[in-house]
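Can you build the whole structure from these sequences, using the hints too?
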Amino acid sequence: MTTTTLAVLVPLLPFLGAVAGLLLGRTAPGFVRPLAVLPTLAAAALAVVVAVRQGGGKAIEAATELTPTGSVPIDLALYIDGFAALVAVLVGVVATCVQIYSTGYLREDPRYPSYAALVSLFTSAMLLVVYSGDLMVLLVGWEIMGICSYFLVGHYWETPEARAASLKAFLVTKLGDVPFLIGLFALATDAGTFRITGVLGAVASGGIDHPTLIALLLLAGVAGKSAQFPLHTWLPDAMAGPTPVSALIHAATMVAAGIYFTARLLPVFAESAAAMTVLAVMAAITMVGSALAALAQDDIKRVLAYSTIGQLGYMAGALAVGDRGSAVFHLLSHAAFKALLFLAAGTVIHAAGTNSLTAMSRMSGLAKRIPDAYWTMTVALLALAAIPPFAGFFSKEAVLVAAEHTALGDRTVAPAGAGWTVLVAGLLTALLTAAYALRLWLRTFHGRGAEAPDHGRQPLAMTSVLWVLAIPSLGFGLTVTYLDDWFDGNALTPTLTTAVLGTGLAAAGAVITYAVWRTLAARTPVGAAAPHVAHPDAEAGLVEAEALRLPHPAEDPADPGRALLGPLHGPAADGFHLDAVYRAAFVRPVLAAASLVRFLDREVVDTYVQAAGNSAKGLGWLVRRAQTGNVQTYLSALLAGSVVLAIVAVALANAAAGA
Amino acid sequence: MILAAHTTQAAAQAVRAAGAAEEHGFLSPTGVEIAFVLVGLVTLGAALVTVTTRQLVHAALWLVVALGGLAVEYLLLTAEFIAWVQVLIYVGSVVVLLLFGLMLTKAPIGRSPDADSRNKPVAAAVALAAAAALVWVVVDAFRTTWIDLDGAVQGSTEVSGESLFRHWVLPFEALSVLLLAALVGAIVLSRKKPSDQNEERR
Amino acid sequence: MHLAYPAVLAALLFAVGVYGVLARRNAILVLMSVELMLNAVNLNLVAFDVWLRDTLHAGQALTLFTIAIAAAEIGIGLAIVLMVHRNRGTADIDRLRDTAERPDSQDSPDDASADETPTGEKAEATA
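Chains as they are written, first to last, in this note's numbering: chain P, 1 to 659; chain L, 1 to 202; chain Y, 1 to 127.
It should be emphasised that the hints constitute simulated quantities derived from the structure, not laboratory data.
Hints may contain errors.
[Stated by the list, open to error] From the structure, some residues in chain P lie toward chain L, with a derived Cβ separation under 10 Å:
{"#": "1", "residue": "636"}
{"#": "2", "residue": "639"}
{"#": "3", "residue": "640"}
{"#": "4", "residue": "642"}
{"#": "5", "residue": "643"}
{"#": "6", "residue": "644"}
{"#": "7", "residue": "646"}
{"#": "8", "residue": "647"}
C-beta atoms are modelled at their ideal positions from N, C-alpha and C, and glycine is treated no differently.
This is the structure:
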């Protein structure tokens with residue numbers, strides 16, 4: 001088979017799997033698991049084959065016109081360069097891991113068939129986005145991902161949090177998607193085509209007339225999808241979905257779609273220095289803010305969610321300094337270790353029977369109960385904190401190096417101000433990242449108190465996947481020398497200055513956190529055991545659904561995050577009150593306007609309606625009074641009327657005759 | 001169609017008669033006119049008493065006077081056959097029927113205070129308005145019209161019978177069917193139901 | 001003879017009949033008034049027939065028909081009145097009010113709302 005055929009099969013297979021899974025979900029439950037795992041696995045394998053054949057060389061292109069639209073044609077186009085090939089491999093691998101993990105995690109969930117089909121559909125859409133060479137087709141995948149995310153976040157729709165979270169995720173991303181769509185149209189109008197190659201060619205020949213406007217419109221969609229400030233608020237709430245969904249959609253793939261899209265169209269953004277600056281500032285605020293918020297969260301998944309936002313900020317920062325190679329590099333390594341973190345967190349929640357860090361810090365021996373999750377999570381946290389030689393170190397260094405080069409004027413793709421912004425924010429975030437990673441690790445696995453309950457070994461489907469993902473988290477960075485060829489060719493290897501700075505800061509953050517933790521642990525007594533789920537032996541998905549509803553324990557004085565953040569802790573734990581700001585700025589006015597409309601409708605418009613009805617009723621009452629049932633009165637009226645009519649007729653005739 | 005044709009023919013005759021009317025004023029009435037007006041006053045008075053009297057049986061008897069007066073008026077208009085039919089059917093049978101009806105419904109003999117309904121003022125107003133309008137229109141239209149009574153007799157039995165059985169046979173026969181239907185209807189309506197009889201026996 | 005004499009007499013008789021129909025309570029008296037109205041029409045028919053010297057004598061023939069129909073009518077009418085009297089115990093027209101619109105059905109069927117009736121009717125009639 002040609003590479004093109006294989007590439008077409010890659011998004012198609014999960015799609016067919018999703019359709020088959022939805023159709024057979026009820027009638028043939030035995031087929032659901034193979035239908036969920038095998039197409040995704042095959043797609044991953046094919047993606048690897050495609051990547052090998054592409055080999056980082058010349059981009060593979062194929063196109064067939066989908067429909068003649070008159071002005072701007074829409075093509076069914078493939079465009080596979082090094083970025084696309086590698087990201088597709090990543091999506092396939094993570095999706096396969098998540099599907100396998102889900103077979104264990106949601107083993108007894110009654111809605112597993114639809115869940116698996118939606119994950120397959122999502123995988124297909126993401127692969128479509130990755131491979132598509134046409135912006136319209138890309139948008140199709142983009143929107144399918146959005147709706148899949150909506151359904152999967154709302155998987156536990158019995159809980160109000162999940163319902164609210166799914167709606168919020170959908171609406172906030174849509175808020176970005178509307179300008180995104182307008183931006184796409186504007187871009188296509190300027191470039192005369194939806195084909196990415198055509199757009200890039202138009203950029204190269206200076207054919208884009210409004211680069212700043214287009215770039216800013218597209219950035220809104222990217223910010224919505226990739227959870228960048230100020231549209232990031234949906235991501236922490238989206239953790240109300242099942243953990244595998246968080247791992248796949250809200251850590252590894254969908255949120256990376258915005259970064260990937262920007263990377264593909266980076267020349268368009270690079271046309272506008274303003275857009276690059278906006279992107280840099282956005283990335284910097286996102287990085288630092290989310291790292292602070294992560295340090296204050298109590299829910300293990302929310303910590304990871306904020307950490308995802310922060311890492312996406314790194315990628316956005318890399319794009320802001322015009323280095324898409326390092327951005328996608330970080331995307332790949334982050335996807336590996338963040339998916340691992342989430343899946344491990346799912347295991348932890350299952351084992352501990354709670355998703356609260358405070359509750360976990362009051363039970364000892366959790367690490368012994370789930371050694372697989374303990375070790376893999378340690379690896380992933382080290383990668384997250386960018387400790388050499390783990391994957392995160394190399395990719396983060398690549399970002400910092402790009403920022404440093406831009407700041408110092410070695411690279412001229414982006415303004416130097418953007419470089420400085422990203423560099424300073426990135427270094428500060430490195431410190432905070434190490435701090436919250438260590439806090440998470442210490443509080444999860446090194447609690448003091450009652451022994452953690454023993455639920456036996458975790459299913460093999462869950463633990464094996466953790467180890468599979470631990471491999472890239474551990475070793476992906478070592479491939480850095482080979483990766484240059486796949487991307488733009490910029491060197492991705494770390495330089496001494498940034499390596500020392502970044503690692504030093506990370507180490508400093510870790511040391512401070514450890515010291516604070518030791519001090520606090522020595523000073524405060526062991527807290528009472530926090531609430532657990534009632535049925536800890538149930539299968540993992542049910543435990544998590546129950547844990548989501550548990551109240552979080554009150555403030556814990558032993559929390560190093562509290563001591564480190566000081567007065568900032570309250571706002572940070574609440575996401576810097578951004579939701580409240582949105583509520584005051586948007587929700588309240590809209591509600592007020594709605595109540596005004598309601599008032600106008602009820603009190604003003606309805607008054608007319610009711611007056612019409614009442615007048616008819618009143619007339620009816622009057623007429624009813626006349627219905628006495630006495631025939632003589634009826635006849636009197638009849639004859640009187642006839643007489644009057646006759647007189648009028650005669651008078652008129654006389655008048656006419658007289659005239 | 002036949003009717004319409006003859007009516008136009010008759011209208012032509014009316015135009016001729018109008019010329020004769022100019023010779024006759026209202027201030028110099030003929031003897032027939034005087035008789036007509038006198039009998040008319042009696043008729044009208046009897047009719048008024050009929051509709052106003054409080055004694056129900058008297059009303060029927062005053063109706064006889066009114067209908068008889070009308071029969072005289074028909075005679076004065078040379079409609080001899082109609083006059084006798086009037087006397088025969090109205091005075092002879094209809095009034096007798098009405099008297100029977102009064103008796104069967106146990107109408108009170110003597111003055112009954114509630115012979116008129118409370119609708120009286122309205123009825124009077126409507127009747128007066130109708131009378132005024134009709135008289136005004138009629139007088140306005142036929143002020144100068146003159147009926148020539150001196151020619152051939154218009155309503156002798158011979159003439160009436162001839163036209164009735166020559167030109168009006170079909171409606172006449174249809175009318176007989178109607179009368180039969182009325183006969184059957186009246187019998188059916190006034191017959192007592194078996195259940196009613198049972199109740200009365202008990 | 002002036003045509004105005006019988007015509008005016010007929011009009012007045014008709015008006016008297018109208019008054020009787022509208023004002024009398026007893027159904028048989030109402031039937032009498034109807035007879036008066038019919039006779040007024042008959043007088044008109046005869047008078048105009050004589051005036052027009054119609055060769056078909058349509059007026060007189062119609063008068064005969066009217067008389068016959070009046071006889072039939074009085075027969076049927078009396079039968080109906082008799083039946084009503086038998087069923088209801090009365091032949092008073094203003095007590096036969098089964099078709100009245102009565103939201104408050106507890107008031108007595110006869111004179112409860114008779115007070116308003118004329119004024120209401122007048123308003124209705126002049127409107």
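Hint numbers not upheld by this structure, sorted from lowest to highest:
No hint contradicted; all consistent.
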